[in-house]
Amino acid sequence: MKNRSLISINDYSKEEYIKVLDIAEDFEKNPRQKILENHVIATLFFEPSTRTRLSFESAISQLGGKIIGFTDASSSSVSKGETLMDTIKTVANYSDLIVMRHPLDGSARWASEVAGIPIINAGDGANQHPTQCLLDMYSIRKTQGTLENIHIAFVGDLKYGRTVHSLVIAMSEFNATFHLVSPEELKLPSVIKKYIKDAGLKYHQYTDIENIMDKVDVLYMTRIQRERFADPMEYERVKNSYILKNNMLENSKPNMRILHPLPRVNEIEEAVDQNPKAYYFQQAKNGVFVREALIASILGLK
Amino acid sequence: MENTNEKELKVSALENGTVIDHIPSNRLFTALKILNFESSKNPVYFGTNMSSKKYGSKGIIKISDRYFGREEINKIALVAPTATLIEIKNYKVVSKYTVETPSEVQSFIKCFNPKCITNHQAVPTRFKVFIDDEGIIKLRCHYCEKTTTQENMVFI
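Heads up: the sequence lines are chains A and B, in that order.
FYI, in this note's numbering the residues of the first sequence are 1 to 302.
FYI, in this note's numbering the residues of the second sequence are 1001 to 1156.
Derived by calculation from the structure, the hints in this document are not laboratory data.
Owing to the predicted nature of the structure, the values given are computational and were not obtained by experimental measurement.
Don't take every hint at face value.
With beta-carbon atoms standing in for the labels, derived distance ranges [unchecked claim]:
id: 1; chain 1: B; residue 1: Lys1054; chain 2: A; residue 2: Ser79; range: 54 to 62 Å
id: 2; chain 1: B; residue 1: Lys1054; chain 2: A; residue 2: Glu47; range: 17 to 25 Å
id: 3; chain 1: B; residue 1: Phe1029; chain 2: A; residue 2: Lys194; range: 31 to 39 Å
id: 4; chain 1: B; residue 1: Asn1016; chain 2: A; residue 2: Pro103; range: 46 to 54 Å
id: 5; chain 1: A; residue 1: Asn30; chain 2: B; residue 2: Glu1104; range: 41 to 49 Å
id: 6; chain 1: B; residue 1: Pro1124; chain 2: A; residue 2: Lys253; range: 48 to 56 Å
id: 7; chain 1: B; residue 1: Glu1151; chain 2: A; residue 2: Pro103; range: 38 to 46 Å
id: 8; chain 1: A; residue 1: Ser77; chain 2: B; residue 2: Pro1124; range: 21 to 29 Å
id: 9; chain 1: A; residue 1: Met85; chain 2: B; residue 2: Tyr1055; range: 54 to 62 Å
Reference excerpt, derived from the structure (chain B facing chain A, CB under 7 Å, subset only) [said to hold, decoys possible]:
id: 10; residue: Asn1113
id: 11; residue: Lys1115
id: 12; residue: Cys1116
id: 13; residue: Ile1117
id: 14; residue: His1120
id: 15; residue: Gln1121
id: 16; residue: Tyr1143
id: 17; residue: Cys1144
id: 18; residue: Glu1145
id: 19; residue: Met1153
Note that beta-carbon positions come from the ideal geometry of N, C-alpha and C, so glycine has one too.
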């Protein structure tokens, strides 16, 4: 992985992902290692994403690295009309690695072709967000002890949910069984289902969340956004049926854990946070270890 | 239709050059555009809605004193998968083959995704070409990873 960008979940092999997860496990035991003291890392956020940026910056800081960058495009030369290529080429002169978030699909791939230094994609529009996928995989492996043969449910917006698409693709490499729960208008796109089919795996589709509770090891919740619905009445009709409550978890398996990419709005009731099966805040914490592992691998330090 | 009194406009046989035959009639003008014949300095003859034993109707292009690399000519397979290419030297056919769908295309098709970086900045487009289970040609954008299908192809 040394000197290789991570733009899309398909860029690394299954073995390489497992290696990153293994390194992340070491960082979880010992997160503060001053291995980046001689490195400068740029975090370029052309659109704001506080959660992702802080997670990356925490990872870099805990490893002793220096951070340069900006937190939204209005405070950079982008607002003067500079092209992405020029911004990237310039910043590449000042840093060893660029972490970038950008509102346009494909921006990170383009940046990786002109930078001359590795790029980590921290989200390019609606396209990819591979470190989210890595931390989801890490969280699954940590809570289930394995990535193989997992029954995983995805609930909510499966049509537009970028994190869902990446994780479905990734878990298709590990013999997972997929339980897809969504309103009719937000079903998983057929291009993503094709990955499941091509791997010879099974998926089941539901509109009712209650159907899957006793079947799954991992319950991956997502937010349903009002603006996704052409018909506002339809949104009102479905929104409450995908809110997770403690009483719905009664028949769930003992090993079952609830994941969510966050931010949450109201799709998981706050009372569920106290449930031992709630794992989403720990999941966010795992993001720091995974990002430490990824940066260390790309810079050839681990 | 035989009328000996009517003046006939004859297109002379090529001495040297390329004939692109069996282009679907409704794709002839797109093919001319893709091959950038609009800016060609060589003599170009073309016709469409001509009768074809094989396809019922076809378009044909002849260009003098020009030959194409396979890469270049294969571009038109995206709109004219049935096209045949005939190379002529000294009035003789020296080679003849059917175009093949290229595995990758660059710079001449627009990405269908309005949020793709290639539609906002000066980034040359680049696609992997694949044919789905129903035989439809699809282009997967190297940048945004979205798919543009044959009916949505817009040529730059």
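Closer than 7 Å between Cβ atoms is the bar; does B:His1120 clear it against chain A? Give me holds or violated. holds, 6 Å
Going by Cβ atoms only, is B:Met1153 closer than 7 Å to chain A? violated, 18 Å
Less than 7 Å between beta-carbons is the criterion; does B:Ile1117 satisfy it with respect to chain A? Check passed: Cβ of B:Ile1117 comes within 4 Å of chain A, closer than 7 Å.
Take a look at whether the Cβ-Cβ distance between B:Pro1124 and A:Lys253 falls inside 48 to 56 Å. 51 Å Cβ-Cβ, so the 48 to 56 Å window holds.
Just to be careful: measuring from the Cβ of B:Asn1113 to every Cβ in chain A, is the smallest value less than 7 Å? The hint holds - B:Asn1113 has a Cβ within 7 Å of chain A, the shortest such distance being about 6 Å.
Taking 54 to 62 Å as the hint, is the beta-carbon distance of A:Met85 and B:Tyr1055 inside that range? The hinted range 54 to 62 Å is violated for A:Met85 and B:Tyr1055, with Cβ atoms some 45 Å apart.
Range hint 17 to 25 Å: satisfied by the CB atoms of B:Lys1054 and A:Glu47? violated, 54 Å
So the hint says 41 to 49 Å: do the beta-carbon atoms of A:Asn30 and B:Glu1104 match that? holds, 45 Å
Would you check whether B:Gln1121 satisfies its interface hint, that is, whether its CB is within less than 7 Å of any CB in chain A? It holds, given that the least Cβ distance between B:Gln1121 and chain A is near 6 Å, below 7 Å.
Restraint: B:Tyr1143 near chain A, CB-CB cut 7 Å. Satisfied or not? Interface hint status for B:Tyr1143: holds (3 Å vs cutoff 7 Å).
Cβ distance range 54 to 62 Å for B:Lys1054 and A:Ser79, holds or violated: holds, 59 Å
Confirm or reject the claim that B:Asn1016 and A:Pro103 have a C-beta distance inside 46 to 54 Å. holds, 52 Å
The structure is inconsistent with the numbered hints 2, 7, 9 and 19, although it conforms to all the rest.
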